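Keeping their order, the protein sequence lines are chains A and B. Straight run, no breaks: the first sequence in the working numbering ends on number 401. Straight run, no breaks: the second sequence in the working numbering ends on number 1261.
Hints were generated in silico from the structure; no laboratory data involved. Heads up, a few of these hints could be off.
Beta-carbon label-pair distances, calculated as ranges [to be verified]:
| # | chain 1 | residue 1 | chain 2 | residue 2 | range |
| --- | --- | --- | --- | --- | --- |
| 1 | B | 1017 | A | 137 | 30 to 36 angstroms |
| 2 | B | 1221 | A | 142 | 48 to 54 angstroms |
| 3 | B | 1192 | A | 335 | 54 to 60 angstroms |
| 4 | B | 1011 | A | 329 | 37 to 43 angstroms |
| 5 | A | 146 | B | 1192 | 38 to 44 angstroms |
| 6 | A | 146 | B | 1244 | 34 to 40 angstroms |
Looking from chain A toward chain B, a few residues come up when the C-beta cut is under 8 angstroms (computed) [stated by the list, open to error]:
| # | residue |
| --- | --- |
| 7 | 217 |
| 8 | 243 |
| 9 | 244 |
| 10 | 246 |
| 11 | 250 |
| 12 | 251 |
| 13 | 254 |
| 14 | 292 |
Take a look, some chain B residues computed to stay more than 10 angstroms from chain A by CB distance [to be verified]:
| # | residue |
| --- | --- |
| 15 | 1061 |
| 16 | 1097 |
| 17 | 1107 |
| 18 | 1109 |
| 19 | 1112 |
| 20 | 1171 |
| 21 | 1178 |
| 22 | 1215 |
| 23 | 1225 |
| 24 | 1234 |
| 25 | 1235 |
| 26 | 1251 |
| 27 | 1254 |
| 28 | 1255 |
Note that the coordinates shown come from a computational prediction; the quantities given were computed from them, not determined experimentally. Idealized CB from N, CA, C, for every residue including glycine.
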Amino acid sequence: MKLINNTSALFSCGFRPFFLLASIYAIVLIFFWVLFWNGVMILPETLGGPVAWHVYEMLYGFMLAVMLGFISTAIYEFVSFTGISRQQLMALVLLWLLGRISFWLSGIVGLIPAAVFNLTLLMYLLVLLTPSLWRDPGRPHMSFIYTFVGLLLIECGFYYSALTGQAVMPWLYTSIGLSMIMIIIAMSRISMRVINGMEEGVQLFKQDVEYLARPPRRKIAIFTIALFSLAELIMPGNLINGWLALAAAAAMLNLLNDWHIGRPLFNPWVFSMYAVYWLMASGYLFIGLSILSDVPEINGARHLLTTGAMGLAIFIIMTFSGQVHTGYGVNYRPWILISTLAILVATLSRVLIAWPTMMEHSASLILISSIAWMLAFSLFIIFFWRLLTGAAIDGREGCLD
Amino acid sequence: MNLLRLWLRDLPAYLWSGWGAISSLFLLLALWQWGNQVYGDLVFPAPLDAFIVLKKLLLTEQARTELLTTGWRAFAGFIISIIIGSVLGITAGLSVTASIMSRPIVTVLVGMPPIAWIVLALLWFGATDMTPIFTVTVACFPIVFVGALQGARTLDGSLKDMARAFKLPPYMIFLDVYLPHIISYLFPAWISALGMSWKIVVMAELLATSDGVGAALAVSRSHLDTSATMAWIVAVVGLLLIIEYLLLEPVKRQIERWRNE
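Make the full structure from the sequences, and use the hints.
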């Protein structure tokens, strides 16, 4: 049996190859990471060392792949007159793959190939997207372009620091902030369509639900997160950052106002998205508290943002738009709940490592966290392999709307 | 009663929307922290240090008495000024002649610096409770007066006529026609007056009395204790924020609902 019996279907829309690659890569990365953490194997020599490898690949490998899949699909909904062709999509996938390979080999072949492929990937994406989003009347979706430009600039800074032998981690921490912003923007688009029943063929509620993702609240959240991330880049460890992180946490809680819409909130899709914001708020809360109380270990709190908010947001985006755009209609199946809980378990056990009394259990906690994470995305691959590689259910080509 | 029920129903959503305000306040604290890093602990103590001092202060019996004293003085002056200001303002507003005549007097009262009132009050009442209370009253009075005056002046004449045509009893005319309109002018004036009363009372105490937050500020100034100074400021401003956002703002929203409906 051929694993992929229909490459034409696989490349018919952006989400298909990228969601598939992202979920596989999520497992690969964590698999190697946990083996390394437990001393079973050493990681290939890469720039910045193992921690930089872990963060960089999770963000610019895994997260970016999902965002590429999301935006190359959503572009058809944002602007109907244009899109990304099959050849352009293949080029994006190829660049992404080259970016991954070159980064893994960066210890052997040097930084330049990794920098070239990874930066070209983002630049090529911007070349593809910017003209149509710019021509869109009122330019409602340019915020995606701005965040991708931000990501590109930070990635440039990352490679510049690596080339000149300076610390690379501050750039990666800033990338986490930008990823949060990207998720907030993407989720505001998805949530409006999902909850208000604007997504074609998706009717979550019988009655009309009034939900508005209000721009001012979102902008306050984006502003405070951006401020914190920049401050952290410019003056790491400064107490000012602590207050800014608390401001970001409060702004995220403020964003939840939009979501307090009564019973519809308890729909599993809606509640999962709601939980993402809670995870972000608690992440920034703990980051702020640990900076202000002078606790050096804030990586536990950071994992509330990455494993928690980012992991859950990505999983929800992939399962929801994966079902919608393959024409299967949304269905909250039991395995989705299992995966969601697994991501929460992964987050909680990773965060607990930072707890002073839990230090001694760190090896088993990281194992639990990794297994839960890999379980969540394995289930995704098992249940989505056929959907993503097969033709759309009604035989239509391209991105189903 | 109805107002209370509405207030309780909207309270959770209202409280939750406070996170936006809290976020802004944290940004202010970040700015404060930055000021500390530029100017040093002596000139501009860090927020956390001020909070620690504040916590210590609040645990002492004396600090609570100071806060209560100041609160009572501000409140007394505030209540007197809103009673006199509202009654006189509405009365003046109902008559064109009276409002034309009272205008210059209000201008004089607004123009009179509070510090001058403190000096006068010191001469009249000495270092007693009356000095800060009087200063607060005269400083807040013109704000409330102008608010009440404008509320009464802008009453819709045709509504008045309609009420008469329907032969509404006077108390209903007052409660259902005049009051909602006037309150929507009065309430913002009361809130400004409240903020004013806190500022004035602390200043009056600093100059004129030996107890209260103002006097405590004077002591911390003479000890060059900037942390304690900041702590007192945080205490006063914090109390004001709590009163304004937890008490007055929700009531104001309820009262002004008719504007949006």
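Do the hints match the structure? See the list:
{"no.": "1", "hint": "B/1017 to A/137: 30 to 36 angstroms", "in the structure": "holds, 32 angstroms"}
{"no.": "2", "hint": "B/1221 to A/142: 48 to 54 angstroms", "in the structure": "holds, 52 angstroms"}
{"no.": "3", "hint": "B/1192 to A/335: 54 to 60 angstroms", "in the structure": "holds, 59 angstroms"}
{"no.": "4", "hint": "B/1011 to A/329: 37 to 43 angstroms", "in the structure": "holds, 40 angstroms"}
{"no.": "5", "hint": "A/146 to B/1192: 38 to 44 angstroms", "in the structure": "holds, 40 angstroms"}
{"no.": "6", "hint": "A/146 to B/1244: 34 to 40 angstroms", "in the structure": "holds, 37 angstroms"}
{"no.": "7", "hint": "217", "in the structure": "holds, 7 angstroms"}
{"no.": "8", "hint": "243", "in the structure": "holds, 4 angstroms"}
{"no.": "9", "hint": "244", "in the structure": "holds, 5 angstroms"}
{"no.": "10", "hint": "246", "in the structure": "holds, 5 angstroms"}
{"no.": "11", "hint": "250", "in the structure": "holds, 4 angstroms"}
{"no.": "12", "hint": "251", "in the structure": "holds, 4 angstroms"}
{"no.": "13", "hint": "254", "in the structure": "holds, 4 angstroms"}
{"no.": "14", "hint": "292", "in the structure": "holds, 7 angstroms"}
{"no.": "15", "hint": "1061", "in the structure": "holds, 29 angstroms"}
{"no.": "16", "hint": "1097", "in the structure": "holds, 46 angstroms"}
{"no.": "17", "hint": "1107", "in the structure": "holds, 38 angstroms"}
{"no.": "18", "hint": "1109", "in the structure": "holds, 39 angstroms"}
{"no.": "19", "hint": "1112", "in the structure": "holds, 40 angstroms"}
{"no.": "20", "hint": "1171", "in the structure": "holds, 40 angstroms"}
{"no.": "21", "hint": "1178", "in the structure": "holds, 35 angstroms"}
{"no.": "22", "hint": "1215", "in the structure": "holds, 31 angstroms"}
{"no.": "23", "hint": "1225", "in the structure": "holds, 21 angstroms"}
{"no.": "24", "hint": "1234", "in the structure": "holds, 14 angstroms"}
{"no.": "25", "hint": "1235", "in the structure": "holds, 19 angstroms"}
{"no.": "26", "hint": "1251", "in the structure": "holds, 20 angstroms"}
{"no.": "27", "hint": "1254", "in the structure": "holds, 19 angstroms"}
{"no.": "28", "hint": "1255", "in the structure": "holds, 22 angstroms"}
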